[in-house]
Every structure is written in C-alpha cells, then in structure tokens.
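*Asks:* Sequence:
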Amino acid sequence: MNFSRIEFWNYSLRFYDNPETEKAFIDAQNRLGADVNLILYLLFRAQGGHYLDLDDIKNAEDSVSSWRSGVIQPLREIRRNLKNYPHSLPEKDQAKIRREIKDLEIKTEQCQQQHMENLDLKGRSTAPNDAAQHNLAAYAQILSTAVSDHAFAKLLNRFITLQNAEPTPADPN
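Numbering (my numbering), first residue to last: 46 to 218.
In short, the hints are calculated from the structure, not lab data.
C-beta: ideal position from N, C-alpha, C; glycine also.
Hints may be right or wrong, so weigh each one.
FRET-style restraints, in silico, Cβ to Cβ [what the hints assert, rightly or not]:
1) E136 x I187: 39 to 45 Å
2) P119 x L188: 20 to 26 Å
3) A140 x A191: 38 to 44 Å
4) H160 x K68: 23 to 29 Å
5) N129 x R76: 21 to 27 Å
6) R144 x A191: 34 to 40 Å
7) P119 x E67: 19 to 25 Å
8) K103 x R144: 31 to 37 Å
9) R76 x K128: 17 to 23 Å
10) E65 x N129: 23 to 29 Å
11) N202 x Q118: 23 to 29 Å
12) S133 x K68: 29 to 35 Å
Derived EDC-like pairs (lysine to aspartate or glutamate); straight-line CA-CA distance at most 16 Å [to be verified]:
13) K128 x E150
14) K128 x E145
15) K199 x E65
16) K103 x D165
17) K167 x D100
18) K147 x E122
19) K128 x D148
20) K128 x D138
21) K199 x E67
22) K199 x D62
23) K199 x D72
24) K167 x D98
25) K68 x D194
Start from the sequences and build out the full structure, keeping to the hints where you can.
*Replies:* Structural data, given as structure tokens:
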C-alpha cells in the first residue's frame, strides 16, 4: 500500500476536525447511507475548483462500494459491538481489540481515499464554493435526498468556512 499521495487524507483530517462536522458526517452515514469518504472526496475536488458530473460521481461510488460494504462496514460493526464492553471478557481485552479494530478501520478508509485520489475524473472548473454545492447536490440526488438536508447543509457550511479560513493546496487532478 502506497500512501505517498496524502493531500486528500490531510484535507480530510482537517475537514473532519470539528465536533459539528463529525456529527453531520455520522448523521449522513447512518440516516442517509452516505459514504463519508466519498463526500470528503467530492469536497476535496471542489476545493480545487472541480465539480464532477453525476456519472463521474456514480463511477466513484461504484468503484468503492464493495470495499465499503465488504471491508469497512464490517469492521465498523465489530468496533461498535465492542463499545461499552458488553461481553464477559475482561474490559481491558475488549478495549485493546476495539482500538486495534479502529486502527485497522482507519487504514482501510485511508486505502479507499488513496484509490479515490487516483481516479481519473477530470471534472469541470468553477469556483470552489459552486463546485462544492454542485458535487453535494449530485451526491444527494444519488442518495435520493436533497442538498438542503441538514447534514449536507452543515458540511457545505464547513467547506465554506475552511475555504475562507486559509488557502489549501490545489487539487492535483
């Protein structure tokens, strides 16, 4: 596994580093079935001024759906099943296993992001805020929801806040 291209990962860490953002992502994931890494990818591309066609977003989704459902989601489920130490094994053992699973879950998400960062999706150029609005609206359409959904609205607001805060490196794609 080669993580030499870490621009997307670093962007994701910066974007996610906010309690309200974390809640919005978890809400979108649990309530709408959204892929947090795909949303982050769409916003990463938008910060470089790229909006993607609906077909490109569907292709990106298709390229990671089996990884998400076959690898990431089962790990997440196991990790959640160990929350609050519900089993008769010693708490310290459960906690250790839960930490190790969380680390592995993060590595699998990093691998997914690496894959998405290497996708050959050109996108069209526009202002970053317009690109973010477009990309989120297209993904909301795929999820059969509206971009005005409160989770998407919070994520768009976070995007705008970060865009206004400081310059970020340009999207290499």
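*Asks:* Now look at each hint and say whether the structure bears it out.
*Replies:* Checked hints:
1. E136 x I187: 39 to 45 Å: holds, 41 Å
2. P119 x L188: 20 to 26 Å: holds, 21 Å
3. A140 x A191: 38 to 44 Å: holds, 40 Å
4. H160 x K68: 23 to 29 Å: At roughly 26 Å between Cβ atoms, K68 and H160 fall inside 23 to 29 Å, so the hint holds.
5. N129 x R76: 21 to 27 Å: holds, 22 Å
6. R144 x A191: 34 to 40 Å: holds, 38 Å
7. P119 x E67: 19 to 25 Å: holds, 22 Å
8. K103 x R144: 31 to 37 Å: holds, 35 Å
9. R76 x K128: 17 to 23 Å: With a Cβ separation near 19 Å, R76 and K128 satisfy 17 to 23 Å, so the hint holds.
10. E65 x N129: 23 to 29 Å: Distance hint for E65, N129 holds at roughly 24 Å.
11. N202 x Q118: 23 to 29 Å: At roughly 27 Å between Cβ atoms, Q118 and N202 fall inside 23 to 29 Å, so the hint holds.
12. S133 x K68: 29 to 35 Å: Given a distance of about 32 Å, which is inside 29 to 35 Å, the answer is holds.
13. K128 x E150: holds, 15 Å
14. K128 x E145: Roughly 13 Å separates the two Cα atoms, so the pair holds.
15. K199 x E65: holds, 8 Å
16. K103 x D165: Distance ~13 Å between K103 and D165 Cα, so the pair holds.
17. K167 x D100: Satisfied, since the Cα-Cα distance of roughly 12 Å is no more than 16 Å.
18. K147 x E122: Given pair K147, E122 holds - Cα atoms ~11 Å apart, limit 16 Å.
19. K128 x D148: Holds - the C-alpha atoms of D148 and K128 are around 15 Å apart, at most 16 Å.
20. K128 x D138: At roughly 12 Å apart (the allowed maximum being 16 Å), D138 and K128 satisfy the hint.
21. K199 x E67: holds, 10 Å
22. K199 x D62: Given that 16 Å is the threshold and the Cα spacing comes to 14 Å, the pair holds.
23. K199 x D72: holds, 11 Å
24. K167 x D98: Judged against 16 Å, a Cα distance of about 9 Å means the pair holds.
25. K68 x D194: Given pair K68, D194 holds - Cα atoms ~14 Å apart, limit 16 Å.
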